[in-house]
Structures are given as structure tokens and as C-alpha cells.
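> Single-letter residue listing:
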Amino acid sequence: VNLLTRNMSGMAGPVASIIERKLTDMLKPSHLQIINESYMHSVPKNSETHFKVVVVSESFTDKKPLARHRLVNDVLKEELSSGVHALSINAFTPEQWDKGRQVDKSPNCMGGF
Amino acid sequence: APRDVQKEIGDLVAKNKVVIFMKGVPEAPQCGFSNAVVQILRMHAVTYDAHNVLVDEELRQGIKDFSSWPTIPQVYIEGEFIGGCDILLQMHQTGELIEELQKVGIKSALMDPEDEKK
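These protein sequences, in sequence, are chains W and E.
Every letter in the first sequence is one number past the one before it in the numbering used here, and letter 77, counting from 1, is 1280.
Every letter in the second sequence is one number past the one before it in the numbering used here, and letter 55, counting from 1, is 541.
Worth flagging that the hints you see were computed from the coordinates, not collected in a lab.
Some hints here could point you the wrong way.
[Stated by the list, open to error] Restraint ranges, calculated between C-beta atoms of paired labels, are given here:
(1) E1298/W to D490/E: 27 to 35 Å
(2) P1247/W to A595/E: 35 to 43 Å
(3) R528/E to D1265/W: 18 to 26 Å
(4) D542/E to N1311/W: 34 to 42 Å
(5) I1221/W to P599/E: 36 to 44 Å
(6) V1306/W to K493/E: 37 to 45 Å
(7) S1284/W to R528/E: 49 to 57 Å
(8) D542/E to S1233/W: 25 to 33 Å
(9) E566/E to P1297/W: 37 to 45 Å
(10) S1284/W to Q525/E: 27 to 35 Å
(11) V511/E to T1227/W: 51 to 59 Å
Cβ coordinates follow ideal geometry from the N, Cα and C atoms, glycine included.
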């Protein structure tokens, strides 16, 4: 099930859509959640600068957390070097996800950019 | 002479066992993710060097190139890139951070007295 957050007008932003497509194509996730957290930060409304992604994929098997994050970073290299400014990654194998791993709550903005 | 940021960073991460690159300073973080790193390190009572990328644009880009890591904050332990906020938080929750610190001779304030005997 893919969950893509939609903004006020009911549409997922262009960046969120690209992120969804790239992660789906490259990591073949069994579960994927893309959350635009820009609203939690000091950026204009409808920004697509801060995201949290929850990715459940076999691609992460036998990979330590850092390696998993680098894999996701690599897939989203272009976005991270243009508008996306922060990326919170929760990367699980299907086994870990089924056991009920928790997605952490992102910290509050503290004003800087 | 022109600034060699990569060399500078290489020197910075070698200067102390724990080195972080963050937004703001530990006494006044300017980013929730940077603050999370500061708070975790505070719980473990770790002393560390902190570098504020908000006052140094070349450092801000340079550290991303150096680590091949696109975001701030960034944590180094003994010259090795550990990760950002998510990873540090995960390591903190699993107890792995205590182990990593112990490996480099730092006794975390959260270390179980039983484990000290190991």
C-alpha cells in the first residue's frame, strides 16, 4: 500500500510524486509512505522541502542502517541536491516491519534554515 | 591561499573523538534534527566538538561532499561518519551508541554498571 500525503487541494505535490516513483522503481517496497513535513518548518506554505519516508523493502536485508540510508539517498540524489532540504528515513525489511517496528516522530522546527 | 575545505574538514573530524556538524550551536540549536543530536549526546554526557554550518556556507556544502551525505546534522566518531539524526536516535534506542562510544574509550553516562565489567 502506498500512502502519499496530499496537500490542501487534494493533490500530491510534484516532488512527492517523483519521490514515490523513484523509490517504487528502485527499491520495490512492500510498503511505502511519503510524508511532506515541510509544514513543520519555517518555509512557505505548500513547500516540498522536508520529507519523511517509510520504506519497507527486501533491498535492505543484511544492510546496516547507514547503508540503508545511503541507498535511499542515492535513489533521491537529484531531489536532495535541489529543493529537498531534509529527509527523515525509516528503512525496514519486511520481517522487521511485520514485527511492528516503530516510526519515530520527527522533532519540532527550531527556526533555522 | 585559497581555502581547502575538504582538508579542513579532514582535520576537524580528527581533532576530537566525537565531532558533529549542526545548525546552530549546542547551547542554541537552530534545527529540530540538530537539537535531537545534541540532546542525545547530552544524555550520554559525551564531550564533543560542534561546528555550525549556518555561519559557514562553504563548510555547509563541504561537509556534504566530504561525507557523501546530503543533510545536516552529521555525526563523526573517531573520524568515521556515523550518520545523521535518525541513525543516532536508532543507535541510542538500541544501546548501540553506548557500545560505539565504549569502543573508542568513551564511557557513556547511560552505561549499565553491569556492562562496565565486560
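> If I claimed the Cβ atoms of S1284/W and Q525/E lie 27 to 35 Å apart, would that claim hold in this structure?
At 29 Å between Cβs, range holds.
> Confirm or reject the claim that D542/E and S1233/W have a C-beta distance inside 25 to 33 Å.
violated (42 Å)
> With 36 to 44 Å as the target window, see if I1221/W and P599/E comply at their CB atoms.
The hint (36 to 44 Å, Cβ to Cβ) is violated, given that I1221/W and P599/E are roughly 50 Å apart.
> Could one say that the CB atoms of S1284/W and R528/E fall in the range 49 to 57 Å?
Because 32 Å falls outside the window, the suggested range is violated.
> Is 34 to 42 Å a correct range for the gap between the Cβ atoms of D542/E and N1311/W?
Taking Cβ atoms as reference, D542/E and N1311/W lie about 25 Å apart, which means the hint is violated.
> Quick check: does the Cβ-Cβ distance between P1247/W and A595/E fall within 35 to 43 Å?
For A595/E against P1247/W, whose Cβ atoms are near 41 Å apart, the range 35 to 43 Å holds.
> Range first: 37 to 45 Å. Now tell me if the beta carbons of E566/E and P1297/W are that far apart.
violated (30 Å)
> Has the hinted range 18 to 26 Å been met by the Cβ atoms of R528/E and D1265/W?
violated (33 Å)
> Do the Cβ positions of V1306/W and K493/E conform to the proposed distance bound of 37 to 45 Å?
holds (39 Å)
> Measuring from beta carbon to beta carbon, are E1298/W and D490/E in 27 to 35 Å?
violated (46 Å)
> Lying within 51 to 59 Å: is that true of the beta-carbon distance V511/E to T1227/W?
Because 40 Å falls outside the window, the suggested range is violated.
The earlier numbered hints that this structure contradicts are 1, 3, 4, 5, 7, 8, 9, 11.
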